[in-house]
Every structure is written in structure tokens, then in C-alpha cells.
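Construct the entire structure; sequences and hints are all you get.
Residue numbers (the numbering used here), protein chains in the order written: chain A, 1 to 250; chain B, 1 to 250.
Please note that the accuracy of each hint is not assured.
Identical chains share a label here; the pair holds if one copy fits it or two copies do between them.
[Stated by the list, open to error] Calculated pairs, DMTMM-like style, for lysine to aspartate or glutamate (alpha carbon to alpha carbon, straight line, at most 25 Å): (1) K53 with D96; (2) K95 with D179; (3) K197 with D81; (4) K35 with E149; (5) K212 with D96; (6) K35 with D127; (7) K101 with E134; (8) K200 with E222; (9) K192 with E227.
Calculated from the structure, these hints are not laboratory results.
Source: prediction; values computed, not measured.
Number of protein chains: 2
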Amino acid sequence: MTMDHHEFKDKILTAAAKNQVIVFSCNCIVWYSGKAESYLGPGDRLVVIKADKTILVHQPSGAAPINYMKAGTTVNVNLSDEGEMFLNCSNIPLKDYLDMKINHVHFLESYGLEDGQSIQIAGTEDDMSQMLYENPHLIEEGFKPVSREEQTKYGYIDVMGTDNEGKLVIVECKKYNADLSAVTQLRRYVEKIMASKGLKRDAVRGILASPKIGANAQQMLEDWGFEFVSVRPPKYLERYDKNQKSLADF
Amino acid sequence: MTMDHHEFKDKILTAAAKNQVIVFSCNCIVWYSGKAESYLGPGDRLVVIKADKTILVHQPSGAAPINYMKAGTTVNVNLSDEGEMFLNCSNIPLKDYLDMKINHVHFLESYGLEDGQSIQIAGTEDDMSQMLYENPHLIEEGFKPVSREEQTKYGYIDVMGTDNEGKLVIVECKKYNADLSAVTQLRRYVEKIMASKGLKRDAVRGILASPKIGANAQQMLEDWGFEFVSVRPPKYLERYDKNQKSLADF
DNA sequence: ATATAGATCTCGTCA
DNA sequence: TGACGAGGTCTATAT
Numbered sequence: 001m002t003m004d005h006h007e008f009k010d011k012i013l014t015a016a017a018k019n020q021v022i023v024f025s026c027n028c029i030v031w032y033s034g035k036a037e038s039y040l041g042p043g044d045r046l047v048v049i050k051a052d053k054t055i056l057v058h059q060p061s062g063a064a065p066i067n068y069m070k071a072g073t074t075v076n077v078n079l080s081d082e083g084e085m086f087l088n089c090s091n092i093p094l095k096d097y098l099d100m101k102i103n104h105v106h107f108l109e110s111y112g113l114e115d116g117q118s119i120q121i122a123g124t125e126d127d128m129s130q131m132l133y134e135n136p137h138l139i140e141e142g143f144k145p146v147s148r149e150e151q152t153k154y155g156y157i158d159v160m161g162t163d164n165e166g167k168l169v170i171v172e173c174k175k176y177n178a179d180l181s182a183v184t185q186l187r188r189y190v191e192k193i194m195a196s197k198g199l200k201r202d203a204v205r206g207i208l209a210s211p212k213i214g215a216n217a218q219q220m221l222e223d224w225g226f227e228f229v230s231v232r233p234p235k236y237l238e239r240y241d242k243n244q245k246s247l248a249d250f
Numbered sequence: 001m002t003m004d005h006h007e008f009k010d011k012i013l014t015a016a017a018k019n020q021v022i023v024f025s026c027n028c029i030v031w032y033s034g035k036a037e038s039y040l041g042p043g044d045r046l047v048v049i050k051a052d053k054t055i056l057v058h059q060p061s062g063a064a065p066i067n068y069m070k071a072g073t074t075v076n077v078n079l080s081d082e083g084e085m086f087l088n089c090s091n092i093p094l095k096d097y098l099d100m101k102i103n104h105v106h107f108l109e110s111y112g113l114e115d116g117q118s119i120q121i122a123g124t125e126d127d128m129s130q131m132l133y134e135n136p137h138l139i140e141e142g143f144k145p146v147s148r149e150e151q152t153k154y155g156y157i158d159v160m161g162t163d164n165e166g167k168l169v170i171v172e173c174k175k176y177n178a179d180l181s182a183v184t185q186l187r188r189y190v191e192k193i194m195a196s197k198g199l200k201r202d203a204v205r206g207i208l209a210s211p212k213i214g215a216n217a218q219q220m221l222e223d224w225g226f227e228f229v230s231v232r233p234p235k236y237l238e239r240y241d242k243n244q245k246s247l248a249d250f
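Pasting the structure below:
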């Protein structure tokens with residue numbers, strides 16, 4: 001495909017005005033200025049301009065965009081007298097600027113995409129805290145949950161309850177590996193509760209519930225008198241088989 | 001553009017075999033199973049298959065992909081007897097599976113992208129800690145930095161030094177707003193140093209250096225006897241003007 | 001491989 | 001709008 005600069009400019013501006021999703025591949029140089037500044041030398045990239053004017057610049061490898069602009073960006077194409085082409089993007093409220101010198105366009109497509117669907121996810125930390133709330137014996141025998149996802153001034157405590165001696169128990173759960181920040185997070189909640197209820201340290205138990213915990217995190221947990229309970233994340237829906245038998249389970 | 005299933009399958013597999021970057025727009029349903037499970041009902045999406053077999057599924061809005069697969073994924077296209085088409089992606093080592101029922105393809109392009117460039121970024125937290133190391137008066141008069149980015153057993157301490165009384169000072173810097181986790185992070189470092197050097201609490205000062213700090217974080221900081229120093233993130237390169245005069249500065 | 005922390009994090013949620 | 005925390009975070013770096 002050959003595409004001259006004027007054709008590129010026309011296609012971009014027309015599609016952008018219609019809030020189409022635009023994608024093109026090109027050889028380019030990229031400058032960004034805003035919360036940080038960056039420069040990316042010449043190379044081939046894939047550029048996406050979304051319906052909400054989110055802009056993504058992707059290299060041929062890697063999951064994350066190498067450069068991007070948030071939704072609400074203004075897009076312009078400018079041609080210089082010397083025959084150079086620039087894609088100039090600005091988001092004034094955010095003080096973000098992204099500029100590309102486009103040396104060569106490999107292809108360009110645009111289309112009006114319609115999608116009102118929201119994703120449904122199972123197996124999150126929220127599912128895990130719900131599992132613990134509904135199956136308190138997974139923490140220990142005698143544990144009585146009182147609240148879940150308590151997002152008050154005490155903090156966003158996953159599960160709170162009492163043990164068989166009536167002592168307050170605060171549970172922080174992690175889906176995967178519990179690390180140092182998980183321990184400090186638990187500690188922060190315990191201290192908030194202590195302060196707000198005027199309790200002493202030995203009147204509150206802190207429990208970190210996760211599949212596993214790192215050695216350093218374990219040490220810090222013990223140093224602070226907290227406990228670790230090994231809990232597997234909730235069993236997800238069965239992987240649907242090749243006949244899609246269980247697709248309807250969603 | 002009209003494209004039948006066999007043509008789609010052929011184009012995908014051919015381009016994937018050549019490690020081209022593939023992008024197509026389609027109406028589809030998406031299932032994911034791996035670290036979690038998800039379902040996304042029918043809608044229009046943009047799908048990218050990169051040279052390293054990273055796969056991204058994007059909705060028309062938003063910066064983040066709604067589904068993705070990490071590099072090294074195996075891609076297949078399967079046609080059912082009933083005329084249905086599926087893009088089946090699997091990453092066996094990661095136990096990740098992504099499957100799409102593709103109802104209609106709006107467009108498809110692929111191209112062999114070459115890009116050996118690495119991005120250059122200014123204005124990161126690392127730049128900020130370097131600025132403080134080289135301009136210690138920004139912390140306070142008499143501050144003498146000793147180490148930077150100390151990633152030893154003591155932790156990843158941004159800047160460490162001594163004040164004009166010879167007391168140990170630990171600085172944690174944040175580019176933007178310092179929040180509760182920044183305070184607990186600082187606290188963790190101070191405690192590690194205290195423990196490793198056998199120092200008492202009043203022998204170590206902890207300073208949080210950032211442009212601003214939240215009210216709750218400020219309170220926690222004071223509760224723990226730490227200090228806040230207002231520091232602006234490093235001045236970036238001047239925004240290049242419209243004549244690209246300063247582009248060569250990179 | 002694991003551990004640790006930053007990120008122009010993004011995204012959702014709630015006061 | 002800001003604050004707070006989760007994320008299939010991703011990515012880079014060090015051990």
C-alpha cells in the first residue's frame with residue numbers, strides 16, 4: 001500500500017471526527033512531555049487511536065504501550081514544507097503532549113466499533129474475601145466474621161471478626177504471594193483499629209491469609225506478632241472443555 | 001472488506017509464522033482462564049498479535065487491554081462444522097488460555113515491524129533521588145548524602161545520609177503525592193536500619209520528600225515521628241517548541 | 001526463578 | 001475531585 005501524507009492526514013482526521021477506532025503501522029520517532037519526558041528513536045510501531053481519543057504507541061514486542069495519551073486527547077496531523085509529517089497530540093487539561101514524526105506508513109485502518117459489554121471476572125481478591133467470610137473455618141475454628149470489605153475510617157479491611165475468645169481478628173487476604181507491603185498493610189489496619197477503639201496491641205490479632213508468603217515477609221509478620229494462614233484462592237469455574245459445554249455457566 | 005473464515009485463518013497463521021505484527025477488528029466473545037477467569041460478551045474489539053506472540057484485546061475505549069496474553073503464546077484458528085470461527089490462544093507454561101469466538105471481521109492487517117530502540121525517560125523517581133543526592137540542601141542545610149539507591153539487605157533506600165548533628169537520615173522520595181503506603185515504606189526502612197545497626201528510634205530520622213502529601217499520610221507520618229519535606233520533582237527538559245529547536249537536546 | 005519497587009501505572013469505588 | 005486499594009497489573013533490576 002502506498003499512502004501519501006495528504007491521504008494519511010485526511011483519513012486520520014475524518015475517522016477521528018467520526019470517533020472511529022484507528023490503527024496504523026509506521027516508522028516513526030516519538031516524543032512525550034507531561035508527567036515525565038521521553039524520547040524514542042526511529043523504529044516501526046503500531047499506533048492506536050481509540051474512540052475516546054486514548055492513544056497507544058506499541059513496539060513490536062511487549063504487553064505495555066511504550067507511549068500513550070489518556071482519553072480526551074486532541075489529535076492533529078501537520079505537514080512541513082520540507083515534506084515531513086507529524087502526528088501532534090495534546091491533552092491540555094493534563095498538560096500532556098505526544099508528538100510523532102512519521103517517516104513511513106505501512107498500513108492504516110479505521111472502523112466504528114460498538115461495544116457496550118463489561119467484563120465479568122471470577123477469582124479476584126474480592127471473591128477470596130467472600131470465600132473466607134462464608135467459610136470462616138478456613139481461617140480457624142471458632143472464627144466469627146463480622147464484616148467484610150469494611151471501607152470506613154478504619155480502612156478497607158478485607159474481613160474482620162472475632163476468635164473463640166472474643167478477641168478482635170483482622171484478616172488481610174492476598175490472592176497470590178503475600179509480600180512485605182501486604183504485611184505493612186495489615187499492620188496499618190491493626191493499628192488503626194487499636195487507635196480508634198482504644199485497644200492494646202494484644203487485644204487485636206492480625207492474620208494474613210494467602211496461598212504463600214515470602215521469607216522476608218514471614219519474618220516481618222512474626223516480628224510484629226501477626227499470623228499467617230495458608231489459604232488457596234477460590235476455585236474458579238471449571239475450564240470449559242473443547243466442546244464448550246460449560247460456556248453457558250458464565 | 002469481506003473476508004471468509006478460511007482467508008482469515010490463512011492470513012493469521014501465515015503472518016504469525018513470520019512473526020509479523022497482526023491487528024484486526026472484529027465482533028467477538030472472549031473467554032479467559034488462568035490466574036483468574038473472565039467472560040466478555042459480544043461486542044466490537046481490536047485485537048493485536050505482536051511479534052513475540054503477546055496478544056492484546058482492546059475495547060473501543062480505555063487505555064488498558066480488556067484481555068491479554070503474555071509473550072510466547074501459541075495462536076490457532078479453528079473452524080467448526082457449524083461455520084463458527086474461534087481464535088484459540090494458549091500459554092501452557094503459564095497455564096493461561098484465551099479463546100475468542102469471532103463473529104465478524106471488520107479488517108485485518110499485518111506487517112513485519114522492526115524496532116531496536118529503547119525509550120529514554122526523564123523525570124522518574126530515580127531522577128528525583130539523584131537530584132536530592134546532588135543537591136542535599138533541598139532536604140535541609142547540613143544534610144550529607146552517603147548512599148543512593150541502596151538495594152542491600154536494608155532495603156531499597158532512595159537516599160541515606162547524615163544531618164548536621166551526625167544523625168542518620170533516611171529519605172524516601174515520591175514523584176507525586178505521598179500516600180499511606182509511602183509512609184509505611186519509609187517506616188519499614190527506618191526499622192530495618194535500626195534493627196541492623198542496633199540503633200534506637202531517636203537515632204534515626206525518616207524524611208519523606210515529595211511535592212505533596214495527603215492528610216492521612218501526614219498524620220501517620222507525624223504519629224511516627226517522621227518528617228515531610230516538600231520537594232518538586234526534577235525539572236524536565238524544556239518542552240520543545242513548535243520549531244523543534246530543542247529536539248536535538250535528547 | 002524469586003524478590004522488590006516504580007509506573008506518564010490503569011481502573012473501580014467511595015466519601 | 002481526591003483518596004485508597006486491587007491488578008490476570010507490567011517492567012526493570014538485583015540476588
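Identical-chain pair category, K35 with D127, by Cα at 25 Å: between (35 Å within a copy, 13 Å between copies)
Within, between, both or neither: K192, E227 at alpha-carbon 25 Å: This pair counts as both: shortest intra-copy Cα distance 18 Å, inter-copy 20 Å.
Status of E222 relative to K200 across identical chains (alpha carbons, at most 25 Å): Both ways: K200 and E222 sit 18 Å apart in one copy and 20 Å across, limit 25 Å.
Same-copy or cross-copy closeness of K95 to D179 [CA-CA at most 25 Å]: Between copies only: 23 Å across chains, 35 Å inside a chain, cut-off 25 Å.
Within, between, both or neither, where K53 and D96 count as close if Cα-Cα is 25 Å or less: within (13 Å within a copy, 31 Å between copies)
Intra/inter-copy verdict for K197 and D81 if alpha-carbon distance must be at most 25 Å: Intra 71 Å, inter 66 Å, cutoff 25 Å: neither.
Intra/inter-copy verdict for K35 and E149 if alpha-carbon distance must be at most 25 Å: between (33 Å within a copy, 22 Å between copies)
Same-copy or cross-copy closeness of K212 to D96 [CA-CA at most 25 Å]: For K212 and D96, only the inter-copy Cα distance (20 Å) is at most 25 Å; the intra-copy one is 41 Å.
25 Å Cα threshold - placement of E134 relative to K101: neither (57 Å within a copy, 35 Å between copies)
In this structure, the earlier hints numbered 3, 7 are contradicted, and the remaining ones agree with it.
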